[in-house]
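K.L.:
Here are the chains, one letter per residue:
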Amino acid sequence: MNLSGYKISRYKTPFIFTVTLIILIYLSADATEVSLSEFLDGWSHGSRLLLEFFPPDWSKIGRMLHASLLTIAMALIATPMGALISFLFGLAAAKNISYPGLREVARVVISLERALPEIVILLFLAAALGLGLYPGILALAIGSIGMLGRLLADAIEEIDEKAIESVETVGATRSQIIRYSIIPEVLPSFVANSIFRFEINIRNSVLLGAVGVGGIGYELNESISLMDYEASTMAIIMIISLVFVAERISDTIRKKVSKTGEVM
Amino acid sequence: MISVENITKVLPSGKVLLDGISFKVKKGEFLGILGASGAGKSLTLRCMVGLIKPTDGQIIYSKELDDDDNPINICELKGKKLRNARKHLGVIFQGNNLVKRLTALENVMIGRLGQISPLRTWIYGFTDAEAEEAYEALKQVKMEDYSNRRVGSLSGGEQQRVAIARAIFQNPSVYLADEPVSSLDPKNAKKILKLLAPLAENKPVIGVFHQPHLVSEFCTRVIAVKDGSVVYDGDPKLSEEQLEMIYADELSSIQKEAEKMSLIKKSKKK
Ligand SMILES: Nc1ncnc2c1ncn2[C@@H]1O[C@H](COP(=O)(O)OP(=O)(O)OP(=O)(O)O)[C@@H](O)[C@H]1O
Ligand SMILES: [Mg+2]
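Chains as they are written, first to last, in our numbering: chain E, 4 to 267; chain P, 387 to 656.
In case anyone wonders, no lab produced these hints; they're calculated from the structure.
Do not rely on the hints blindly, as some may be mistaken.
[Claimed, not checked] In silico DSS-like links for lysine-lysine, alpha-carbon gap of 25 Å or less:
no.: 1; chain 1: E; residue 1: LYS98; chain 2: P; residue 2: LYS486
no.: 2; chain 1: E; residue 1: LYS165; chain 2: P; residue 2: LYS467
no.: 3; chain 1: E; residue 1: LYS98; chain 2: P; residue 2: LYS464
no.: 4; chain 1: P; residue 1: LYS576; chain 2: P; residue 2: LYS589
no.: 5; chain 1: P; residue 1: LYS589; chain 2: E; residue 2: LYS98
no.: 6; chain 1: P; residue 1: LYS486; chain 2: E; residue 2: LYS165
no.: 7; chain 1: P; residue 1: LYS466; chain 2: E; residue 2: LYS165
no.: 8; chain 1: P; residue 1: LYS439; chain 2: E; residue 2: LYS259
no.: 9; chain 1: E; residue 1: LYS165; chain 2: P; residue 2: LYS439
no.: 10; chain 1: P; residue 1: LYS464; chain 2: E; residue 2: LYS165
no.: 11; chain 1: P; residue 1: LYS439; chain 2: E; residue 2: LYS98
no.: 12; chain 1: P; residue 1: LYS467; chain 2: E; residue 2: LYS98
[Said to hold, decoys possible] So the derived label-pair ranges between C-beta atoms look like this:
no.: 13; chain 1: E; residue 1: LYS259; chain 2: P; residue 2: ARG535; range: 19 to 25 Å
no.: 14; chain 1: E; residue 1: SER178; chain 2: P; residue 2: ARG535; range: 23 to 29 Å
no.: 15; chain 1: P; residue 1: PRO572; chain 2: E; residue 2: LEU115; range: 55 to 61 Å
no.: 16; chain 1: E; residue 1: ALA130; chain 2: P; residue 2: GLU518; range: 55 to 61 Å
no.: 17; chain 1: E; residue 1: THR255; chain 2: P; residue 2: ARG535; range: 25 to 31 Å
no.: 18; chain 1: P; residue 1: SER539; chain 2: E; residue 2: LEU119; range: 29 to 35 Å
no.: 19; chain 1: E; residue 1: ILE243; chain 2: P; residue 2: ILE502; range: 49 to 55 Å
no.: 20; chain 1: E; residue 1: GLU160; chain 2: P; residue 2: SER539; range: 22 to 28 Å
[Unchecked claim] Covered stretches of chain E (in silico footprint by chain P; criterion: 3 or more residues with CB under 8 Å from a CB of chain P, positions within the stretch not fixed):
no.: 21; stretch: 157 to 169
no.: 22; stretch: 175 to 181
Note that the coordinates shown come from a computational prediction; the quantities given were computed from them, not determined experimentally.
The beta carbon of each residue, even a glycine, is placed where N, CA and C say it ideally should be.
Take the sequences, apply the hints, and build the full model.
P.N.:
Okay, here's the thing in structure tokens:
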């Protein structure tokens, strides 16, 4: 066996990548006429501005906590709602249990939703309902269809045909097949995905908040427009902790679910 | 009586999979079906459950599948009528025929899904009395200690016994089993047949097997399928010549395989 060829080629990719990157940076700096001195100038201006963000304004903590709770509440209500809607779309989009026409419609809705950012959905809803918590929650819920519906439909289509057939051969109806074959097989992964979606919805909830729905995102946006940068820092600290904690919790629960798979 | 009459299955490409299968099964019979791999045994059983529509021919259940004992041709049923007929068919298919994430007991209860309303399925499922009965069915196959185990964690033989308990609990008029013992060791295979044989005293049992010695020991009659036709129908004790005829192609292909292997070995030695 001769490994020398492999040993060289192993370093080739990162090497080529680094060299290309350096060349690209050089070329783009040249093209946009960024000179090193200007770059440093901008940097010092930025760092002076940065100083105004410190120290964080701890007196605002009560208000920020309250706003964070609102953000969490939005995600908490929207996620189960979204999961429920996604479940129906997922069922309708699965080839092996749905009806041909219905399946096409459900697939189109799912793909469309996946292409739309939550902000866009919110703006549509705001046009009809105005800005506020309710359209915010609705936007988050609808925003889950693309991801959860698609994952569920794929999971259902991967179920062994025989597991469905075996329930079919005792004379079960389609809805009975769903209840006793489809749901038990896909529920653990669906629950895990929904919890993951909750984590994403927390972040989206912050984002929609900034647009005007309310919550911690709104506080951040407000403080920046009022140039109360120390309060902004407080909001940012809250957001980071929020996202971090949500991630930890979701990780822990998901590990539990996938380990036992015993959700029913 | 069940009467399979001249079943054919032809693919759009013109390939003939089943070429006029005919046989009859009466009450009290345990019919064994033998045949080489690809002969058309599973296809025949799937036609008998209405999972596949044959190109031609019919399968008449004289009164087994009808609530009012009328004759039924399962090949022409669809939708609700087909579901009603299937309530009376106890199907035991090889492997993967259970819902892996449900417990043994829940899988047994699935046997009666066709007999309860969909609405009830969603509201509360099965009653305590039905659960007791399902537990009794598990007892019959000596699996009661596993009633709360998820089926996915059971061994192949244990799963096979749960599948039989499901069919027993369903209380069908006919049992159809496709290779119920193929993944089992000889001792467990025999155990399963000892469970199936007594069922045949009251309801016809039709089973596909790959073990002629088990068939001759337990079945009351045997048919052999070859290239989509029945080539033997009669006594379960088959002679060497008859077996050779049934499995001829398979044996010769195994021989060819063995020859190839020995050639490879020889060339390696060089
Ligand atoms: N859906 C299908 N489309 C095309 N050909 C099929 C289909 N189902 C079965 N066949 C073919 O029909 C023939 C008979 O298949 P069948 O499953 O009945 O065999 P079998 O006798 O049960 O064999 P085994 O003992 O291996 O289970 C095979 O050649 C198989 O490839
Ligand atoms: Mg087969």
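K.L.:
Could you tell me which of the numbered hints above are not met by this structure, giving the numbers in increasing order?
P.N.:
5, 8, 18
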